[in-house]
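Model the full structure from these sequences, guided by the hints.
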Amino acid sequence: MGNSKTVFKYFTIPQYQQEENFLIAMNEKGWRFTNVTFPGFYHFRKCAPGQASYRLDYNQEGIRNKAEYIQMFSDCGWEYICDFVGYSYFRKEGKVGEEREEIFCDDASRLDMMKRVFKGKIIPLIFLFVMVIIPQLFMNTSGNSVGVSGGGMFSNIMSFTFLGLAILYLVIFSITAVQFCKYEKLVSGDGPGIRLKYVGVFALIVALIAGIGVFFWLSYRSSYEVSDTAAGYVVQAEKLNTSVVKEYDLKKGDTVVFHITEFERGHVYLSITESGKDPIFLVDSYNFGYQTFEIESDGHYRIEISGEKMTGTVEVTIE
Amino acid sequence: MDAHIKKVYVPMTETGFYILLCLRKPNHGYGIVQMVKEMTEGDIVLAPGTMYGSLSKMEKDGLIRFVREEEKRKIYSITDLGTEVLNLEMKRIDRLYKNMKEMG
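Chains as they are written, first to last, in the numbering used here: chain H, 1 to 319; chain Z, 1 to 104.
Derived by calculation from the structure, the hints in this document are not laboratory data. What you are looking at is a predicted structure, and each value in this text was computed from that prediction instead of being measured. All the given hints hold, so there is nothing to weed out.
For lysine-lysine, the following BS3-like pairs were computed, each having C-alpha atoms within a straight-line distance of at most 25 angstroms:
#: 1; chain 1: H; residue 1: LYS29; chain 2: H; residue 2: LYS5
#: 2; chain 1: H; residue 1: LYS185; chain 2: Z; residue 2: LYS6
#: 3; chain 1: Z; residue 1: LYS7; chain 2: H; residue 2: LYS197
As structure tokens, then:
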């Protein structure tokens, strides 16, 4: 049995109360919190199981004037433990519960702390969200990411990563908004002004999500026609954002001809794949013209035309 | 007194009021905590996070000023603006008290 223990736990920025409760629960089980390291490793040392309060403050000025800041807390009976990503952790021995020990004695100062968290952490996040995450999401999903085969709209890892980040961000924003709303109600009463403000914020978030959705819908809505011809098929696309696949049994000596008869904009990939194998023919084209390929062995082949916002006409003929 | 000060400090929280009341004589944060505890017979124990936040906010808004540091404790004192705000609050509470007595 070791005398120390490390637990990984992740709390998003506004979840400091959950974090406090976690530390209090660990102390009750006989684990005294000693430190936390990036990205969320909580270190504990064995102690007598008992009650202790753990509280988090977020005060950048306090961290700048550390000696004096810690002195204030220690005068009031709070032991300073550590700082982690802007939060300062404090501990006080004693009963948690009815006489719950707090580092804030009124809701106004609790709200002030949340405002500091908002200014110090959430605003930079919003900035990052608007300047980096959203543009990246668009670039990765509407840029050069449509794969040769599969070709769907979220076809690569980057898209998923940024989509995940965007969702995580929206969750953090929502949790923060809910907490703010709760406290502001406590401090200044449940006035219609507050409700209006938060309804406004939520409307903005919903509008943002809806905006992103509409944007994707507009960028990815494909509009095209596929028609069979005597010896192949034709894809006429107003906007091709997906892939059109047809399968044929081909013999040695057959020639597949791709003829791009019209091409206005976008990007198109052409490929031939024998079933169960890697593509044997693969070109991407921005231009008019012919692409031909001669089949070298009998088999079952898939012929694919995959577009990225492509406007134009491609004819596939097997000769 | 500008609109911002009026909006934030009138009326003010009990914590804010006690801070200004105590800082008519220079004192540090914990000194205020002890004074208030005595004055209220232990009913009001100001918490350190609240005290630290309020003191730095009031200093920034010019209601109190930093005098000197003693053993890692910052000593503050009320300013003219702070006194002005405190007087406004005192008048308000005075009226509250009178009305309470009259109606009660």
